[in-house]
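> As a plain string of letters, each chain reads:
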Amino acid sequence: MRSLRSAAARTAAIIWWLLVWAAWTLAALVVVFLLLDALPGDAASARLGQYATPEALTQLRAQYGLDRPVLERLANWLRGLASGDLGTTLLTNTQVAPILTSALGRTALLAALASIGIMVLGWGGAILAGSRSGSVLDRVLSSSALAAICTPEFVVATLLIVVFASVLGWLPAVSLVPADGGVLAHPEILVLPTLSIVIVGSGTLMRLVRPVIARQSVSLHVEAARLAGLSPARVLLRHLLPGAIAPAAQASAMIVPYLVGGTVVIERAFAYPGLGSLMVQAVSNREPDLLMACAGVVIALTVLAYRLADLSRGKTS
Amino acid sequence: MRRTDRVWLTLLLAVLGLALVGPLFADGADATVATGYLSPAQHGPLGTDGLGRDVWLRLAHGGAGLLLVAVIATAAAMLIGIVLGLTLTAHNLVARLLGLLTDLLLVIPSMLTMMVLVFGLGSGVWTMVLIMTVASVPFVARFTRSIATPVLGSDYVLAARAAGDSWYTVFRREVLPNLAPPLLADAGTRLISALYLVAAAGFLGFSPLGGDGDWATMVQAGLEGIRLNPWASLAPALAIAAVTIPANLLADRVMRRVMS
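Going down the list, the sequences are from chains A and B.
The end of the first sequence is residue 317 by the numbering used here, with every number in the run present.
The end of the second sequence is residue 577 by the numbering used here, with every number in the run present.
Keep in mind that the hints were calculated from the coordinates and are not lab data.
Since the structure is predicted, the reported quantities are computational estimates derived from the model, not experimental observations.
Incorrect hints may have been included.
[To be verified] Below, a sample of chain A positions facing chain B; criterion: calculated Cβ distance under 10 Å: (1) 24; (2) 28; (3) 143; (4) 150; (5) 151; (6) 161; (7) 162; (8) 165; (9) 257; (10) 262; (11) 265; (12) 279; (13) 283; (14) 287; (15) 302; (16) 306.
All C-beta atoms, glycine included, are put in the ideal place defined by N, C-alpha and C.
Whenever a hint applies, use it, and build me the whole structure from the sequences.
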């Protein structure tokens, strides 16, 4: 009976957590929608450019449906979102949802590959550096992580292109996806974009996780295990990591907002047709529905990351 | 100051010097002087770009604007952020609503803020300043609130208030001097992230300063000819890194010293 009740309480807590997540995401999206509306440039004025006479603008705005009140459009957009309809592009009149899903799939592939590298390097570096806080190894690892973070993603990408595509000629400099096949038919196009994200991302992750490990490393029970003469590996696996893993995993969530921005730039550097390229395209072509759809994905992910990280802060304090 | 710090500082000052002095001597940075993508062996110290312009002259010319925009934006963000942060320390409805709005802005990634504002305003210097200000203000405000709250509740502020000093006097004499060092260190961090963002804008093709003369836009434009003359991309990319890496390492050191 008691286990049943605690299971119900846990389910309720999870549902509440998800509801707050959805509420924050929606609130941020509404802010973005209203902001886009409040700014002077819209799809009609951008399309007409210097040929924008008041009559032509009125006509095009009516055609695009931009002449209706903003709250009505917001309500329509939210209704569409609820039913999975993300609107259409103005220029080519195609559905946004399928474009978004295929771009999202390619970015997810890139992100999944990069996360493996980031996890291995970031956590590995954090454990090596954090468990011997203040040592030479710690200083070397921490400064290289900082140097990696300080280098803008596109500089890293440019250096990799010069070395691996231009000088060595091993890998393609652009990651164009052939029209007839998926990304996986040409795995070599994924190498350099993945590597760029891994280099900067693992530095960021290491900076987030290292303090957690370092704090655990000087805790009493780890100190006791060390003094009892257990081997370093045993101390690490049995005594240090179990306590560090939960808070460190939650601290890792903060890497998501960074990855979102970094991936946009990296995709552009390699002309990789993912979510980032889609966003740039949405801005250059002034496609409001496309931009809002991409914004929805980005904001949902970021809010999720902040909520997960907040969870850890709430627990440790 | 450690020796490595001195090396970083020298590198930073050298690149900043080039960026600031460059526009004075680099006349004709926009002139076509040869064919496109000549290697350094064929032309000048760094070869030519896709339109046959001298990469060295363009490098000397293309840094000042980026740095200046980042500095203006940081000043604006610090000013607004500090005022907002001090407002947030109050315990009333306005402060709570502003706090909620700050948190809401915080979950919108700066890259998305940039896309939305470029969408609605077009690119250009003032859009860039606005983007970086909007992106930084929530962080500055939260930081200000976190360091101002203990100072405002401290004994010496209470004592000054009890002695009959006005809030304005207390602020000027007791609060601000205590907040200045951490805020200046934070300004360093904000300046670097502003530089990042404007560079990313250039690389994404939003021509942040109008035209194609800034370092970040040069990196992007040079990529297509990277096999012929890698320096058209590499030189401006390294110049950007030579600003952000030393500045970041030094800012990190200063921040640690100030906060401990």
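> Are there hints from earlier that the structure breaks, and if so, what are their numbers?
none
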